[in-house]
Structures are given as C-alpha cells and as structure tokens.
Amino acid sequence: MLSRLAESFFWMGRYLERCEATSRLLLEHHQLTVQQHSVNERDAVTFLTDLLVLSPSSLNVEELIAQVYGEESNASTILGSLSATRNNARTIRDAIPGDLYEALNSAYFAGLAENPNPRLPGTVLRSQIQRLAVINGVLEWIAPRDQSFDFLQLGRSLERLDLTARLVAAGYENIWPDQGPATMLRSVDALSTFVRGQIPLTGKRVKGFLIGDRIFPRSIYFCAQTAETSLRRLKERDDSLYREIALLRSELEFSDPNASESAQLRIAARATSVAANTSARISSEFFRPAGSIIWSN
Amino acid sequence: MKSAFDEFFPFDTVDTNLLPLLTNLLNLGSAGLIERGKIRDTYLSTQGITFTLSGKERPLSVDLIPRVINAHEWSTISSGVKQRIRALEAFLADVYGAHTIINEGIIPRQLVTSSEHFLREAHGIQPANGVRIHVSGIDLIRDEAGTLRVLEDNLRCPSGVSYVLENRRTLAHVVPEVFGNFQVRSVEDYPEHLLQALRAAAPDGITEPIVAILTPGIHNSAHFEHAFLARRMGIELVEGRDLFCKGGFLYMRTTSGPQPVHVLYRRIDDEYLDPMQFKPDSILGVPGILNVARAGNVTLANAVGNGVADDKAIYPYVPRIIKYYLGEEPILPNVETYDLQIPDVLNHVQKNLAEMVIKPVAGSGGYGLVIGPSATAEQLKEISQVIAENPRGWIAQPVVNLSTCPTVLSDGEVAPRHIDLRPFAVNDGKEIWVLPGGLTRVALVEGSLVVNSSQGGGSKDTWVLQPKSEKVALAKETKNENPDETHELALTIPARESGPEVLTNRRLQQQEEQQQQGGEL
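Sequence order for the protein chains is L and G. With the working numbering, you'll find the first sequence wraps up at 297, consecutive numbering, no jumps. With the working numbering, you'll find the second sequence wraps up at 521, consecutive numbering, no jumps.
In case anyone wonders, no lab produced these hints; they're calculated from the structure. Using N, Cα and C, we set each Cβ at its ideal position, and we do this for glycine too. Check before you lean on any hint, since a few could be wrong.
If we take Cβ atoms under 7 angstroms as the criterion, some of the chain G residues that face chain L in the derived model are [to be verified]: (1) 13; (2) 172; (3) 192; (4) 234.
Let the hints inform the model, and build the full structure from the sequences given.
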C-alpha cells in the first residue's frame, strides 16, 4: 500500500484513540473535582494539564474544561485530535468505507458545534464519547482486515499504551486517596472489570491492573500485545521493528504482580518511551521521509 | 398540625452554612432549573438508573437540591443505628434460640409467635459469624421539634443503596454548582464494605468464598440495584433457576459445570426462597436451600426469619429490647406507637383516628397506609372497623409532620417538600459500618407525607459533611518516599507525539488550491 495511506491510517488510529481517551479523562476529572475538595482547585486543575502535557495555564475547573476541549490547532486537545482524525481520513477518503467517513464527519461537525458549557461539560463529553464509539463500531463491522487495518490498529494500541502509562504515572491515588483509585479506573471505564478480579480498591492494585491485566483492552500489557501482533503481521521477518515492544510485553507477562509502586512507575515511564521509539521506527520504516519531495535523478 | 421542621430553615431562621448551596442553585433561575431537570432525566434514563413500578421501568428521580447532614448530627445517627442493629441482632439470636427475653416477660410471647415473619424453619440455624442482619436500612424521620426518630427498621431486603451512589454522580453531572466548597464524605466504597461483610460471613473453613446475589429477575422493582451491586462487587447475579442444591451444598450452573456458592446475598423474600419450606409454588427460589443453610454450607444474607425483628408490632418494643440486651438508653428515639391489641388503646385510637396514621403490620412501600388528616370520613369509618377486627394486623401512630427540605418542582420553582432518611448499615461480625450518607426520599406532592417511590416519591442526594478541616496543600514531592526519583521520572515523560500536519501545511494547501483554479465550478 502507499506509504502515505499507511501513515494516515496510523495517525487516524492514534488521534481517534486520543480523542476518546481525553474525553473520558476530562469527564471523570470533572466529577472528581466537583465532588472532592480536599486539594485546592488550581492544583487539581494543573494535575490534569500535566497528565495531558498541556500548558498549565488554566486557573480553575471551568478554564480547564475549555482548555482540554480545546481547539482544532492543538492535537493534544479533544477538538484538536478530533480534527486531526478527520484530516487524516480526508487524505485517504478513497481508501476508507463510506460509512466510516460519514460517522467521522458527523462526529467532527457535532464536536465543533457543541462547545461544552464549562460549568456543565458532562452531557457534551458523553455524547462525544458515544459518537466516537460509532466510528469504532463501523471500523469493527466493515473495515477490511488488510494492511490498512494493521496500521490503524497499531496507531490505536500505541496511543492507548501511552495514555494508560501516563495515567499510571499521574499519581491520582496520592492526591485523592478516597476517590483517586476509582477515578483512574473510570477514566478508562474499567471499574467493573477491575472488581471482578480483585478487592480492595487500592492505588497499587489499580496501577497493577492498568499495567498488567490480561483481558482488559486498555492495559499496557494488552496494548503492547496488540501492537506486537500488528507489527508481526506487517513485517514478521524484521524483528528489530517489534523487538522493544515484544520485550515490554514479555516482561509484563512474567512480572511480579506485587511489584512495588516505584517499580510500577518505572514500568509506566518505560512504556511511554517504548511507545515513542516504536512509533519512530514505524515511521522511518514505512512512511514518507520528512520533507515529502525527494530530488534525485 | 404543628408546622414541619425545615432542614435549610430550622425554626424560621436560615442555616447559614447551607446558604451558598441555595444561592448557587437559585442563580440558575427557574428556566435554568427546568433545563437542568431535563438534563437529569435524560441522564437517568440513558444510564438506566431506574426502578420498576407495576411492570414499567422508570427513572428514580433525584432532586437537584441535596439534603445536608452535618458531621456532629451524623455521628449521633451513626451510633444510634449501630446500637439498634446490635440490639436487634441479639434479639434475633434470642427468639431463634433460648427465648430469654420472652421467658422474662419483656416481650409478650404471643406477639412474637403471631408474627407472620417468625419462621420456625429458621430455628436453630446458626449464622457462621453470628451475623443475621448483614445489611439494614433504618428509616428515620425528623419531627416538628427537630428530633430524629426511627420510623421503622428494614432488616430483610432493604433497597435503595444503589441510588445513594448514583445520585452523587448524577448531581455532579447535572448541577456541579451546588457542590461549591462543601466537603462531602464519599459514598463510593459501599460495595467494598458490603463484599467484605459477605465474605466474612462465609461458612467455617471456607477461606476463598464464592459470593453471589440472588435476584427475582428483571421484572423486580429493584432489579437495577441488584445488577448494580453485582457489577460493583464483581460477583455473579443469579436467578433461582441458575442454582441448585445437591448433597447438602449449593451450586450455580456455569459453562464449566457446577460451581459452589458459599454466601448468597439474596434479594428475594423468605416466603419465595425455598419452595420445599415455604410457598410451594414459588419458581423464584431454590428447592432445598434452607437445608443447605441449616447444614452450615451456605450463608444466607440476610438470614431467614429476620422479619420478626422489623415487624411493625415489635417496633414499639425496640427501646426495651435495646435496654434489655445492651443496658443502654436508645440513642435514636422511636415514634410513639399504639398497640391496638390493648382494648383501651384501640378505643383511644378509634376516637382520634383523624390525627393518626394507621399502618398495616405486614405492609411495605406505603401500600394500605391511612393518614388520618387527609382521609375521608368514609375511609376513617372503614379503617376503624378493620382495626377492630384485626388489631394484630395494624399499628397506629400520631401523625408526625415530617421535616421538609427545599425541592425543585417541575415548573422550576423551589418549595419545601417532606422528606425522610434511610441510612444503610453493614455488619461484618466485627464492626457495624454505617454508610456516610443514605437515601433521602422526598414526597413530591405538596403536603404529602408519603415518600415511598412506589407512591410517587423521589429522592435526594444525601450529603454528610466532613468534620471541618484545612485543605491539603498539594506538594507532589512529599507524596513519594524518594523525591529525586519523582523528579527523574517527571523528566523522562515526553510530550505527546503528533503526526505530520496533513492539511495545515500552508504552502501545500495553496498549491493544491491553485491547481484547481482552471476548472472551478
């Protein structure tokens, strides 16, 4: 397939995931800040901008909502990642199913039209998440499982892995001991999956779950495994491409479930860099080189 | 009738602590409140936070104004509830055992034995960790003088706790403004406490008990709650047909064959539980389960036969029960109650019916209730006859004008409506834990004193405030044992990646546009 297509599929997957994950994070962070007043508002706000690597410019929750919902030009925000998803889809419109483009387009226009009320963001964020689910549903139903799907899957799982790692490293449980652990789980909608396996709900257990759970699709382990599978399908013989992510996967597979919290933080930091390195390798292996026109004879 | 106590405006003053809450809400204006009401209704129905009434699923409406209880008052409620549960546990152990309280004449034997819920089938069943009342809901009301009183005990299958948890999230979603700077105690960990108590009740020798919830099925009014608790505790929600007894043990049918069940949190009534012992035509229960419980191989929570302790005719004796077993004065007083089996009392009640509430002993959910002041002469005449014919079947209480709380009406106006409170307690055998909050039910019809959701009542989020404390200044470094390490980790977390700027490359965009100029539409 065309490198340009591959690249757009990859980034479409990443941004789609980012948009959904950021919406959930914001939704649950808002719930938390409304209900819990044990830390001052500015600190509670900066906590999320730090997690999302946005500038710490918001002074209160209302500004935070506006900042994270964001603008089209900043791909780390909800609107920015939504717009970037659609932009990538536009360049490969010929190669994606019509229903998919339609679902994406309606999510995009609804997202633009629905600026959330900064004091009352819940409704808008929830419908945002639902629209993104429609896109994912169309993909699941009708997207052909060829290389294009592997690239999309790859982008999606690396982005997921990266976000879960950041969530683990964020320190919710230290700052909100009461509701922090549950908020981490709700931020990836994993609360009921978690409690099926274990109680009580402590920060350490929650982090252990987010890192190593075998069946939850957003755990670092699961994402690493999915990314590895896609990479092997794309280029089985070149193991330098997937060596790093496979090592992370196998380390998690055999790691100590009772690892200390500092070990958990180290894994999270490592996962983030594995995601970045793998992304860079994929880029140099499959995608167009930077500066798209090559002069040569 | 004496005027009701108001939770926000006690004795015609205003509770200044609560003023910011009301101001923030009233600032929305009635149009704003109507809009928020719609957001709430949509949220409740899409989330499926419902109860089923006459076969129809409907949302249990939560009012936009919470009910607030301060830390000091909560500590009284909490210790009062604990005291009551301790005494009622002792009472149940006694009436299904040695009968000392009866033999000493503190409680008339006939009163106990005539109770519909006194089950001889439960005699001699020894609960594993001594607990019969694993979960309870004690209904409290506040009278005209501002005193909290116990209206009734629910020791069988008290429902409503799921709404306590969901109401908090709903309010934060719909009216975040009202939370202001209030430090409200979290209710999130109820499922964890409940699961711990259920596990602690496992039969002797079982270290990794399998716990399940037994529901009558999706048509039951509380099915949402059953599913909610199963999901939040991570345990199976089973119906009678999923279970069977064999060789003195209880099993559930699974894809990998029969799996034992050690603790069953059953949300179906005693008489439907075991067709071999009770209603033979019940298809909701599990034949033989009571024998398994008697053999000590499964713990039923709550225990069979608890209904004798929350029988409305036993209720007037609870203060005596507390004194008898604990040697303590009741922390939470009862509402004055007339025992109609005493002829003089019956006579007195019949003469003053217009100031009384007459309740069926066996009833629940507000069915069959007659409220004197709002009843017609015909109704009063009828009930007068009914209680004379069956004095054991009814109790009478003077009408208590329940306290009121400002409530948002459907037209966006705010007006006082009568409320009650159901705190929930969980007993794990070592400690009784009272959920800091509870279900506040509100009678939405003006002047109505009937708060039951089956009678058109709604609910309120119930806030228990933290004892006053300073905010924690957030210093991330102090949270980690090793500040250097935190610093180092923070440095290694890179910015988020982004892809090539597909459409925002200005030069590329301009050239692409120019290309098209020749053939514009």
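Comparing the hints with the structure gives:
Checking residue 13 of chain G against chain L by beta carbon gives a least distance of about 26 angstroms; that is not within 7 angstroms, so the hint is violated. A distance limit of 7 angstroms between C-beta atoms decides the matter here; for residue 172 of chain G the minimum to chain L is near 4 angstroms, and the interface restraint holds. Nearest Cβ of chain L to the Cβ of residue 192 of chain G: about 5 angstroms, under the 7 angstroms cut. The hint holds. The interface hint given for residue 234 of chain G is met, as the beta carbon of that residue sits about 3 angstroms from the closest beta carbon of chain L, less than 7 angstroms.
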